[in-house]
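Chemist: One letter stands for each residue in the lines below.
There are 2 protein chains.
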Amino acid sequence: MPSIENYRAFVLAAELGSFSAAARQMGKAQSAVSTAIANLEIDCDVLLFDRSSRNPVLTKAGAALLANAKGILLGSQEFLARAKSMSEGVEGHLCIAIEQGISIRPLLDLLGDFSTTFAHVSLEIVTPDPADMAGILKRGRAELGLMIEQEGYPVGFQFRGVGYSRTVPVAGRDHPLARLSQVRHADLRQHRELVPQIRPTAQTGSPGNRKSPSIWYAENPMLVLDLVLQGFGWAELPHSIVADGIKTGDLVQLNYGFQQSDILHGVDAVWTEQRALGVAGQWMLNRLLELPQDVWRETGNLPAS
Amino acid sequence: MPSIENYRAFVLAAELGSFSAAARQMGKAQSAVSTAIANLEIDCDVLLFDRSSRNPVLTKAGAALLANAKGILLGSQEFLARAKSMSEGVEGHLCIAIEQGISIRPLLDLLGDFSTTFAHVSLEIVTPDPADMAGILKRGRAELGLMIEQEGYPVGFQFRGVGYSRTVPVAGRDHPLARLSQVRHADLRQHRELVPQIRPTAQTGSPGNRKSPSIWYAENPMLVLDLVLQGFGWAELPHSIVADGIKTGDLVQLNYGFQQSDILHGVDAVWTEQRALGVAGQWMLNRLLELPQDVWRETGNLPAS
DNA sequence: TTCACCTATCTGAAAATCAGATATAAACTG
DNA sequence: CAGTTTATATCTGATTTTCAGATAGGTGAA
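So the sequences go chain by chain: R and X. What the first sequence shows, in the numbering used here, is residues 874 to 1178, in sequence order. What the second sequence shows, in the numbering used here, is residues 874 to 1178, in sequence order.
What the hints contain is simulated information worked out from the structure, not anything from laboratory work. A couple of the hints might just be wrong.
Lysine-lysine pairs mimicking PhoX-like chemistry, simulated, CA-CA at most 25 angstroms apart [unchecked claim]:
| hint | chain 1 | residue 1 | chain 2 | residue 2 |
| --- | --- | --- | --- | --- |
| 1 | R | K933 | X | K933 |
| 2 | X | K957 | R | K957 |
| 3 | X | K943 | X | K901 |
| 4 | X | K957 | R | K943 |
| 5 | X | K957 | X | K943 |
| 6 | X | K933 | X | K943 |
| 7 | X | K1011 | R | K1011 |
| 8 | R | K943 | R | K957 |
| 9 | R | K943 | R | K933 |
| 10 | R | K943 | R | K1011 |
| 11 | X | K901 | R | K943 |
| 12 | R | K957 | X | K1011 |
| 13 | X | K1084 | R | K933 |
Please read all numbers here as calculations on a predicted model, not as lab measurements.
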């Protein structure tokens, strides 16, 4: 069974074109490299180098296997680097729960920075239904959450506002409401409202104050979008989801007579006290808090000032 | 420095949830696995298992690193498997040169079979200019070639017909020739012919007998296609390249008055005698020879019978 | 409590690895 | 063409590592 050191000797020798040079670089005797590669060749039952000339030259098989050996070495290095990172207190995995409907576009730069700063931390993003958010954090399924701000959070939760999410009332191109230059409460109540969440029950928090008595629930905003496009009703949906449809004319933004029709929700970062954030989680939280308002404006979640 | 066996002990113990079971599976003593994992933990400076209960349980860090360790093991197994395959005479790499203009669509199924049959052979497909084909095979850059049949091949070359490539004369939508219901030689000679190859010189074989005295050469068929679409002239191009354009109306197929306007070229598989084909190359050649005519018909390279 | 089973550690033996020395061959030099 | 330099293969004895078996301590189930 070849050892990692065998592979290392092979790769170094192939790259340097010399067993002696490889030995020098490994801080070992030349004979060690010679036997290491000989053993590798025995294990493989394949000649890796052509020794007929002064310096060893890769055979065809050796050249083909070199790529594999490099991969193994890379994997081993990554294993150790990741382990070192974790031994220094950096978690190996970070899960962020982003409530459905909150656009990740304002976060893309931040995520890019994360991937380079914490190359050894695997990042997971889940987009649960709003009703699940608390449980997902409580259970430790995610370390950090981004959700539409609420009046109060359960005990044990920390939260800080980090940004905004703009919701826009829309209807399909051919919907009766789409023809009105201004809609009143009374108009809304005459048509079905489509709500992007699972139906609230007694347990799952407040039902919210919906504007229409006729309500359909769908599990996520994309489903609702499809229903709206098909003319099944109107809905208040995140700007990031409906922007395209409004631009192409498939969707029409409703103009509320009774209030500003763009509805601005705050976005909170939420985490639990007992589950202390790791180094990467802390970094992520700090960067979220430092996010300039511009990125929310540029992504259409804040009106231009 | 952890050895492969250390990683193997780690992965097996994690998967079986028991050091003893891992030892049994590895055919070693339990103490070997115990110390192997302990050493790995020392190398990593990270606790991989929680030993507080009867059976060891992965720590968070262990769970994160498990994926990496599995990757290393996979890599090692693949290295050995590939080496074994090569020790049995299968080449590690196969390069096929397919002359520009020959569609690979008839070969897709064949390539799929190849990838499963010769999982350890990396496949390379190059699409050289027709004039380069011979040199590329001679130099060993490619083991096998697919090219439009010629009257004669240089000595040392083997060839067998394997299929067909249909060439269609086309012009752009607004080209004068496009309006003619039938074109004659005289018509063709009044317009520029675009030829998808580098300009033939005295060395690079016959100039062929082009139909028009005014000729532009472009390095590959796609360049020619763009030129034709821009109205710079007419060209005889492979059916696979112009089919879409003809369907959308951007291209018009010319209707030769003097001969069948679809021009059918045979496709030859070509290889050299001195560079013996390996097992994978032989397989590929045999499968090419056995290709049913249907696949050439279905891909528009043979007229429906 | 008893029993079965698991893990950590110790120990001596077996095996592998290593550095140095030596032999041989290839390229280079004059 | 002989001498020099450098590179690789192999041998050898010492060092290190690895291993199996034995032992001890602990956990969980009956």
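Chemist: Check each numbered hint from earlier against the structure, then list the numbers of those it violates in ascending order.
Modeler: Violated hints: 1, 2, 7, 10, 11, 12 and 13; rest satisfied.
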